[in-house]
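Protein chains: 2
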Amino acid sequence: HLDSVQFGGAYDGIAGVVCAIEAVRQMAESNEKPFYSIEVIATNDEEGSRFKSGLFTGKVMDAQLTVEDIQRYKDADGVSVYAAMKEYGLNPDEIANHKRTDIKAFIEVHIEQGPILEAEQKDIGVVDIIVGIKRALVTVNGRADHIGTMPMNMRMDAVEAATKVIANIGDRSRQYPLAVATVGNLNVAPNIVNIIPSQVTYTVDFRGTTQDEIDAQYKGMLEDLQAVTVRFHMSFDVAETLNVIPVELSKDFRSYIKESCTKRGYSNMNIVSGAGHDAQVFGARMPAAMIFVPSIGGRSHCPEENTDARTLAMASNVAYDTLLRICAEKRL
Amino acid sequence: HLDSVQFGGAYDGIAGVVCAIEAVRQMAESNEKPFYSIEVIATNDEEGSRFKSGLFTGKVMDAQLTVEDIQRYKDADGVSVYAAMKEYGLNPDEIANHKRTDIKAFIEVHIEQGPILEAEQKDIGVVDIIVGIKRALVTVNGRADHIGTMPMNMRMDAVEAATKVIANIGDRSRQYPLAVATVGNLNVAPNIVNIIPSQVTYTVDFRGTTQDEIDAQYKGMLEDLQAVTVRFHMSFDVAETLNVIPVELSKDFRSYIKESCTKRGYSNMNIVSGAGHDAQVFGARMPAAMIFVPSIGGRSHCPEENTDARTLAMASNVAYDTLLRICAEKRL
Numbered sequence: 001h002l003d004s005v006q007f008g009g010a011y012d013g014i015a016g017v018v019c020a021i022e023a024v025r026q027m028a029e030s031n032e033k034p035f036y037s038i039e040v041i042a043t044n045d046e047e048g049s050r051f052k053s054g055l056f057t058g059k060v061m062d063a064q065l066t067v068e069d070i071q072r073y074k075d076a077d078g079v080s081v082y083a084a085m086k087e088y089g090l091n092p093d094e095i096a097n098h099k100r101t102d103i104k105a106f107i108e109v110h111i112e113q114g115p116i117l118e119a120e121q122k123d124i125g126v127v128d129i130i131v132g133i134k135r136a137l138v139t140v141n142g143r144a145d146h147i148g149t150m151p152m153n154m155r156m157d158a159v160e161a162a163t164k165v166i167a168n169i170g171d172r173s174r175q176y177p178l179a180v181a182t183v184g185n186l187n188v189a190p191n192i193v194n195i196i197p198s199q200v201t202y203t204v205d206f207r208g209t210t211q212d213e214i215d216a217q218y219k220g221m222l223e224d225l226q227a228v229t230v231r232f233h234m235s236f237d238v239a240e241t242l243n244v245i246p247v248e249l250s251k252d253f254r255s256y257i258k259e260s261c262t263k264r265g266y267s268n269m270n271i272v273s274g275a276g277h278d279a280q281v282f283g284a285r286m287p288a289a290m291i292f293v294p295s296i297g298g299r300s301h302c303p304e305e306n307t308d309a310r311t312l313a314m315a316s317n318v319a320y321d322t323l324l325r326i327c328a329e330k331r332l
Numbered sequence: 001h002l003d004s005v006q007f008g009g010a011y012d013g014i015a016g017v018v019c020a021i022e023a024v025r026q027m028a029e030s031n032e033k034p035f036y037s038i039e040v041i042a043t044n045d046e047e048g049s050r051f052k053s054g055l056f057t058g059k060v061m062d063a064q065l066t067v068e069d070i071q072r073y074k075d076a077d078g079v080s081v082y083a084a085m086k087e088y089g090l091n092p093d094e095i096a097n098h099k100r101t102d103i104k105a106f107i108e109v110h111i112e113q114g115p116i117l118e119a120e121q122k123d124i125g126v127v128d129i130i131v132g133i134k135r136a137l138v139t140v141n142g143r144a145d146h147i148g149t150m151p152m153n154m155r156m157d158a159v160e161a162a163t164k165v166i167a168n169i170g171d172r173s174r175q176y177p178l179a180v181a182t183v184g185n186l187n188v189a190p191n192i193v194n195i196i197p198s199q200v201t202y203t204v205d206f207r208g209t210t211q212d213e214i215d216a217q218y219k220g221m222l223e224d225l226q227a228v229t230v231r232f233h234m235s236f237d238v239a240e241t242l243n244v245i246p247v248e249l250s251k252d253f254r255s256y257i258k259e260s261c262t263k264r265g266y267s268n269m270n271i272v273s274g275a276g277h278d279a280q281v282f283g284a285r286m287p288a289a290m291i292f293v294p295s296i297g298g299r300s301h302c303p304e305e306n307t308d309a310r311t312l313a314m315a316s317n318v319a320y321d322t323l324l325r326i327c328a329e330k331r332l
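Protein sequences appear in the order of chains F and R.
Counted the way the numbering used here counts, the first sequence spans residues 1 to 332.
Counted the way the numbering used here counts, the second sequence spans residues 1 to 332.
Incorrect hints may have been included.
Partner residues are not named here, just some residues of chain R that face chain F (Cβ under 10 Å, in silico) [as the list claims (entries may be wrong)]:
hint, residue
1, V5
2, E112
3, I147
4, P151
5, T163
6, I166
7, A167
8, S173
9, P190
10, R207
11, R299
Across the chosen pairs, the derived CB separations fall in these ranges [as the list claims (entries may be wrong)]:
hint, chain 1, residue 1, chain 2, residue 2, range
12, R, Q226, F, D128, 37 to 43 Å
13, F, E87, R, T66, 55 to 61 Å
14, R, E120, F, A227, 27 to 33 Å
15, R, D93, F, H233, 50 to 56 Å
16, R, E240, F, V238, 36 to 42 Å
17, R, N306, F, N306, 55 to 61 Å
18, F, Q6, R, D215, 40 to 46 Å
Don't read these hints as lab results, they were simulated from the structure.
All of these numbers come straight from a predicted model, not from anything done at the bench.
Glycine is no exception: its CB is placed at the ideal position from the N, C-alpha and C atoms.
Work out the full structure, taking the sequences as your base and the hints as a guide.
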């Protein structure tokens, strides 16, 4: 994908697009005649940073988005996807008419964005599962009062209530080896040193390799929200903003990737993707694969994000081999 | 005092100034000749909202503030008290030369700002102690990473660490009947839904009737900060921004106030002030008294702040009686 996050790095997404072009360049140079047509797709709005949606291109190619959806997704200035498309000279009213039924398989190269391949000293990661994601916007409603004069047992402190809930989220997630949970955005109102906070809003993102572990984390948070707001006579609202199921990638494609690594002498390992990717949308309806390359220091979504050009070249070679191998099967 | 807080109400401070003027008006009308000179003081920057200091006038009258202090206290735009005074046509270089040694006693009328007088259906509160305050700015330093790919046991999540500390602050405070603790201002960086937070800064305000209970709350938070940042290999900084000792008000003046209430048939009770007040600075070096009036709904530091004019008139009467009573003693 072409987009990144605010204050992000230079590799997330775009490195995979470059590797895809390189694999196809090798294909052209080699004079191989692939059985299937090969198309490089550079998707946009995979991150959902501006409109809080995400996986945009894949969803459009699966006709998952309606005109109503893209009118509802808005940026911080209230500009909808619909309005932004129109201003860019696109026709948003046609959004539901771009279903691609001619795509039979999908391969994506991507930086790992985590520390595992580097720690295990592997050149290539073969992705087994892309985790599912449940994301919600939580509002905890309290009451503004004077911080000195309102006794502790009469106050409705939104920061006290919200932190008692958030403090448990990480440890609950640690009960599942591959699950993660994060509160990335948190805002306090009125946010003044000598006023008891009347409202806290926060985003929470739960990920896991099974829907059960995602649901268990989410349910645990809701139970904490319920208990703490009952204790303080407060209220809360939860709005689900993203819901993506875990997707297992093609067993066959994984074995083709491993064969290529073995042939070329690239060290490799199976890995779970903790990040959502375009392959998740495509992989839900067709055989799909992901080839991971190590992130230096495991850093991602930050300016320090970096990947060795050497491993990106390896990933391009593996992608090229895998495309040829898929074409050899002629049974998609 | 004349100042209030941002998004505050119309009674905190200014109602007391009006009552003081009314008490002196009664004195003038009654043709009483008080033994001591009586001066109405309308202080400013008691709240410290703009420059994060507070109790400004009282401190100046006690020569507690130096030119260096008022150059250090700055507002959100980086304007110092020094610069603001200069722009207003005052001479900040003279700040240390305004010690008032001629003041022998201090009486302050103030709204309660809490729910106690209303709950107990009392017209007047006789303040025994003004709580001490310790206020600090805490910074918890983590590391920004991708929220999906960084395993839970390798992340340095500033929101997870900070909320694990803040979640305990309230319950620790509840161990002391009259102590309170509040995190009023909390900011997350980079504060983006899909980036692990790298930094949380928050203000914390501890209050209590004894220095021991204030120190115990503060120490408890420091221990939690220490434990949680060791657990996650993170760091923290704490800067103390306000330190005011608890002050017991004059026993004699309290009995004069009670005598006045009894004489006039006003219901009354002894009370602790959970808010800091100018009487705290004056009370540390001379006999001082505070006369509280009920806040409707216990609300304060918010637009709903309100007090019945009837009880403000009662407080003026009690202040008048108390001034006369003090003058009768002629032994300050």
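Against the structure, the hints come out as follows:
{"no.": "1", "hint": "V5", "result": "holds (6 Å)"}
{"no.": "2", "hint": "E112", "result": "holds (6 Å)"}
{"no.": "3", "hint": "I147", "result": "holds (4 Å)"}
{"no.": "4", "hint": "P151", "result": "holds (7 Å)"}
{"no.": "5", "hint": "T163", "result": "holds (4 Å)"}
{"no.": "6", "hint": "I166", "result": "holds (4 Å)"}
{"no.": "7", "hint": "A167", "result": "holds (4 Å)"}
{"no.": "8", "hint": "S173", "result": "holds (6 Å)"}
{"no.": "9", "hint": "P190", "result": "holds (5 Å)"}
{"no.": "10", "hint": "R207", "result": "holds (5 Å)"}
{"no.": "11", "hint": "R299", "result": "holds (6 Å)"}
{"no.": "12", "hint": "R:Q226 - F:D128: 37 to 43 Å", "result": "holds (40 Å)"}
{"no.": "13", "hint": "F:E87 - R:T66: 55 to 61 Å", "result": "holds (57 Å)"}
{"no.": "14", "hint": "R:E120 - F:A227: 27 to 33 Å", "result": "holds (31 Å)"}
{"no.": "15", "hint": "R:D93 - F:H233: 50 to 56 Å", "result": "holds (52 Å)"}
{"no.": "16", "hint": "R:E240 - F:V238: 36 to 42 Å", "result": "holds (37 Å)"}
{"no.": "17", "hint": "R:N306 - F:N306: 55 to 61 Å", "result": "holds (59 Å)"}
{"no.": "18", "hint": "F:Q6 - R:D215: 40 to 46 Å", "result": "holds (42 Å)"}
The structure agrees with every numbered hint stated previously.
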